[in-house]
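Going down the list, the sequences are from chains A and B.
Per my numbering, numbering through the first sequence is continuous, rising by one, with the last residue being 298.
Per my numbering, numbering through the second sequence is continuous, rising by one, with the last residue being 468.
Some hints could be false.
Unchecked claim - To give a feel for the contact side, a few chain B residues facing chain A, derived at Cβ under 10 angstroms:
hint, residue
1, Ser320
2, Arg323
3, Met357
4, Lys401
5, Pro406
6, Ser450
Claimed, not checked - From chain B, some residues computed to sit far from chain A (all C-beta separations above 10 angstroms):
hint, residue
7, Cys328
8, Asn364
9, Arg432
Please keep in mind that the hints were generated in silico from the structure rather than gathered at the bench.
Glycine included, every Cβ here is placed at the ideal spot set by N, Cα and C.
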Amino acid sequence: MTDYSLFLGCIVPNRYPGIESATKMVFNKLGVGLKDMLGASCCPAPGVVGSFSEETWLTVAARNLAIAEENHADVVTLCNGCFGTLFEANSTLKNEEEARKAVNMFLSKTGKRYKGSVEVHHFAKLIYEKHLDQVKQLGGQSLTGVKIAVHYGCHLLRPRTLKKIDNPEKPGFVDELVHSLGAESVDYRDKHMCCGAGGGVRSSNLEVALDMTREKLENIRASQADCILNVCAFCHLQFDRGQRELAEKMGLEYNIPVVHLSQLLGLAFGLNPRLLGLQAHAISTQPFLRKLAEVSSR
Amino acid sequence: MPDPVQEGRSETDETVFGEIVSRGRNLLKCIQCGACTGSCPSGRRTQLRVRRLMEKVLMGFEDMLNSDDLWLCTTCYVCFDRCPRDAQPTSVMKRLRNIAVRKGFMKPAHQKVARLFCETGHLVPINDEVKAVRKSLGLSELPPTVHSHPESLKELQILLDVTGFRRLIG
């Protein structure tokens with residue numbers, strides 16, 4: 001079985017470590033080995049560091065990719081931002097000799113070298129493509145009766161011609177993963193709209209970021225979903241902490257549990273919710289766990 | 299009277315127009331249809347008008363560099379994917395931001411996160427609360443990233459120096 005280099009980024013290990021433990025346990029159940037990327041840094045964030053200096057962005061991304069190359073194992077990411085950066089940087093560096101030379105000149109100061117010997121995967125797509133049958137086997141139909149609002153996020157699918165993963169106007173593979181566990185993936189208005197966090201907007205214009213999140217939350221609430229399911233640590237943070245911020249700043253209460261796909265798979269596989277970090281969210285996931293208990297007792 | 303369009307639109311790297319076009323000529327395909335503005339989730343609630351920004355760049359204006367508009371884009375790439383001419387507005391936006399930062403127009407909040415990145419190697423570094431959560435989940439208190447490897451952080455900082463990032467962000 002192939003091993004992968006697990007790229008953690010920032011938000012997973014430093015804000016939602018439950019996603020890290022859930023991923024490790026879920027991949028273990030799937031029989032897939034994960035290698036740590038020792039000494040890796042921020043990817044760096046495409047809309048933040050990439051907005052300040054594309055050259056630095058590409059060089060630091062190349063360093064992270066070089067760590068995976070030393071592991072002799074393709075990269076798997078748990079965040080669309082990390083995926084966006086590492087996938088795009090890898091593609092640029094593989095295809096543009098001049099960029100590769102410039103970056104390797106910088107990397108040589110640290111004894112590292114980018115060779116172009118690994119691929120970059122998003123965990124959701126990887127699981128869908130290679131492990132769907134196992135997911136069905138391990139998860140059974142354990143989520144039957146649960147309504148889930150899927151949020152894909154932006155950098156997983158866009159730019160479309162670069163990522164070539166699914167139709168960003170009407171993607172389907174995460175919904176299919178949800179269905180394979182027996183749950184219903186609900187439709188909601190503007191389902192494929194951005195969560196609002198990216199591009200440095202959360203850090204510099206929080207009220208704008210939150211207004212986008214608010215719009216999504218309104219639409220998700222109208223769908224009566226039991227949780228928001230995401231495949232990106234930054235969207236996860238924006239929906240989870242964003243709900244707390246909307247309550248504090250504007251008195252808007254939604255209380256919709258936010259779950260990362262690694263955590264949902266963990267629950268479907270019967271793993272202990274505490275080890276999936278579900279108790280460490282800003283918005284209580286208890287209503288969702290109660291719903292799961294209720295459907296499983298039927 | 300000098301024609302401002304011709305004056306500003308010099309294809310040398312010294313102008314905004316020139317720098318963007320020298321990196322890719324897609325901008326020139328823009329027909330000002332407005333699909334970008336119509337698709338923009340940020341523009342629904344802010345003054346950001348992507349079509350207008352594209353127009354300004356095409357006409358040789360540079361007054362957008364110190365405007366807040368540049369920083370209202372979440373880089374969702376919907377305009378990029380929907381543009382019928384493949385003018386790649388999100389890439390134009392990111393290049394405009396790079397130029398703005400180079401010219402010293404950086405938002406204080408962004409300076410703050412950029413400094414965190416330089417100091418710790420993470421835009422979002424660990425804190426004591428999360429260390430405790432990590433422990434309770436059976437994970438190492440510090441992740442196996444630059445946080446556990448000071449020599450790797452030094453390596454990263456060398457790259458931030460040689461690419462001019464530390465000087466750039468001030």
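Status of the hints after comparison with the structure:
1. Ser320: violated, 13 angstroms
2. Arg323: Since the shortest Cβ distance to chain A is 16 angstroms, the answer is violated.
3. Met357: Violated, because the Cβ-Cβ distance from Met357 of chain B to chain A comes to roughly 23 angstroms (cut-off 10 angstroms).
4. Lys401: Interface hint status for Lys401 of chain B: violated (12 angstroms vs cutoff 10 angstroms).
5. Pro406: Hint holds; Pro406 of chain B Cβ to chain A Cβ min 8 angstroms, cut 10 angstroms.
6. Ser450: holds, 3 angstroms
7. Cys328: holds, 16 angstroms
8. Asn364: holds, 14 angstroms
9. Arg432: Label violated. Min Cβ-Cβ 5 angstroms, cutoff 10 angstroms.
Checked against the numbered hints above, the structure breaks hints 1, 2, 3, 4, 9 and satisfies the rest.
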